[in-house]
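K.L.:
Per our numbering, the sequence shown starts with residue 74, numbered consecutively.
Worth flagging that the hints you see were computed from the coordinates, not collected in a lab. Here the structure is a predicted model, which means the values were calculated and not measured. We put the CB at the ideal spot given by N, CA and C, even for glycine. There may be inaccurate statements among the hints.
[Said to hold, decoys possible] Result set (SDA-like, lysine to any residue): computed pairs, CA atoms no more than 25 Å apart in a straight line: (1) Lys102 to His87; (2) Lys212 to Glu279; (3) Lys102 to Leu188; (4) Lys212 to Gly307; (5) Lys336 to Arg313; (6) Lys212 to Gln290; (7) Lys212 to Gln268; (8) Lys112 to Ile139; (9) Lys336 to Glu316; (10) Lys212 to Leu188; (11) Lys336 to Pro248; (12) Lys212 to Pro193; (13) Lys336 to Lys212.
[Said to hold, decoys possible] Label pairs and their computed distance ranges (CB to CB): (14) Pro326 to Ala286: 47 to 57 Å; (15) Leu267 to Glu160: 34 to 44 Å; (16) Val301 to Glu160: 46 to 56 Å; (17) Pro326 to Pro193: 31 to 41 Å; (18) Pro326 to Arg269: 32 to 42 Å; (19) Gly214 to Leu109: 42 to 52 Å.
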Amino acid sequence: MFQTIQLFWLPNQHQAESCALEAARILLKHGVRPLLPGKAGKDAVPELLLSFGGDGALLAAAREAIRWDIPLMGVNLGTVGFLTEEEPARLEAALEEILSGRYTLEERELLSAELPGHEPALALNDVVVSRGGYARLIKVGCRVNGEEYGTFMADGMIVATPTGSTGYSLSAGGPIVEPGTDCMLITPICAHSLQRHSSVVSSRSEVRLTLQADRVQSALLQIDGQSVANLHAGDEVTIRTSEQRIRLLRLHPSRFFTLIRRKLSEWGSLQE
């Protein structure tokens with residue numbers, strides 16, 4: 074049984090904070106030590122991380138889970154929640170199932186993004202080269218395993234994992250890919266080109282995105298929605314599947330397409 078569990082929520086998310094504090098109360102009742110954000114350390118090493126919020130909160134929490142090499146589960150307080158596992162209404166029941174060992178761990182692939190002069194970064198969902206706040210398109214060259222894939226005038230380029238296929242890549246017209254599929258997705262964002270479809274490449278491939286000189290000379294490198302570096306003309310980002318994995322804690326049998334159908338139906342209702 075887990076003895077120490079890290080709780081995570083984003084700042085100023087009061088509903089998520091309230092739910093997390095209720096989880097802390099339940100854990101204490103069961104003799105488990107809850108750790109609030111920022112409290113993990115040498116004397117308090119977590120064994121599981123619980124994220125409270127939407128997919129954005131879970132992606133932020135994933136960075137901590139990767140650092141500690143511990144499993145991660147999300148409680149959904151967001152809009153759709155493709156990645157989160159549970160709803161607040163089932164919080165106490167879910168925690169009791171976890172503490173009694175009635176769960177499975179599901180490994181998900183991570184992407185490694187390398188930019189000269191910066192530490193390699195890991196992504197659960199996607200690596201994005203984006204125009205950021207600039208009003209003009211950027212020019213991005215793409216090579217796969219050293220072979221030219223294409224040059225795009227676009228808002229940016231997305232390289233996504235199967236996990237990330239339901240995120241930004243989906244919004245940009247990419248396909249939904251079942252987790253566990255050995256692949257990466259390359260998706261242009263609003264490309265001013267007839268070649269604006271998404272492509273699926275092997276997870277063993279190496280993808281290089283190069284910001285090329287044009288009227289806009291700079292862009293952003295984003296990892297799971299977080300801006301990590303400014304790019305300038307000539308900068309090249311190398312993306313590969315990492316040897317490292319992240320483990321998502323699951324309480325329910327994996328029914329991927331049932332979940333996708335339900336979530337997309339909810340998403341459609343929200344947009345009406």
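K.L.:
Hint by hint, say whether it matches the structure.
P.N.:
Here is how each hint holds up against the structure:
At roughly 23 Å between alpha-carbon atoms, Lys102 and His87 fall within 25 Å of each other, so this suggested pair holds. A distance of roughly 20 Å separates the Cα atoms of Lys212 and Glu279; the hinted pair therefore holds under the 25 Å criterion. Taking the CA atoms of Lys102 and Leu188, the gap is near 47 Å; set against the 25 Å cutoff, the hint is violated. Straight-line distance between C-alpha atoms of Lys212 and Gly307 comes to about 11 Å, which keeps the hinted pair within the 25 Å bound.
At roughly 29 Å between alpha-carbon atoms, Lys336 and Arg313 are farther apart than 25 Å, so this suggested pair is violated. For the hint pairing Lys212 with Gln290, the CA-to-CA distance comes to about 9 Å; that is within 25 Å, so the pair holds. With a CA separation close to 14 Å, the supplied pair Lys212 and Gln268 stays within the 25 Å bound. Among the hinted pairs, Lys112 with Ile139 is consistent with the structure: their alpha-carbon atoms are about 17 Å apart, no more than 25 Å.
Straight-line distance between C-alpha atoms of Lys336 and Glu316 comes to about 30 Å, which puts the hinted pair past the 25 Å bound. In summary, the hint linking Lys212 to Leu188 is supported, as the alpha carbons are separated by about 18 Å, within the 25 Å threshold. Between Lys336 and Pro248 the CA atoms are separated by roughly 15 Å; this keeps the pair inside 25 Å, and the hint holds. The suggested pairing of Lys212 with Pro193 holds, with an alpha-carbon distance near 23 Å, which does not exceed 25 Å.
Of the pairs offered as hints, the one joining Lys336 and Lys212 is violated, with about 34 Å between alpha carbons and a cut-off of 25 Å exceeded. One distance hint, 47 to 57 Å for the beta-carbon pair Pro326 and Ala286, holds here, with the actual separation near 51 Å. Against the hinted window of 34 to 44 Å, the Cβ-Cβ separation of Leu267 and Glu160 comes to about 43 Å, which satisfies the hint. For Val301 and Glu160, the hinted distance range of 46 to 56 Å is not satisfied, since their beta carbons lie about 31 Å from each other.
In this structure, Pro326 and Pro193 meet the distance hint of 31 to 41 Å, their C-beta atoms being roughly 35 Å apart. Separation of Pro326 from Arg269 is about 37 Å and conforms to the stated range, judged on CB atoms against 32 to 42 Å. Checked against the hint of 42 to 52 Å, the pair Gly214 and Leu109 passes, with Cβ atoms roughly 45 Å apart.
Violated hints, in rising order: 3, 5, 9, 13, 16; the structure is consistent with all others.
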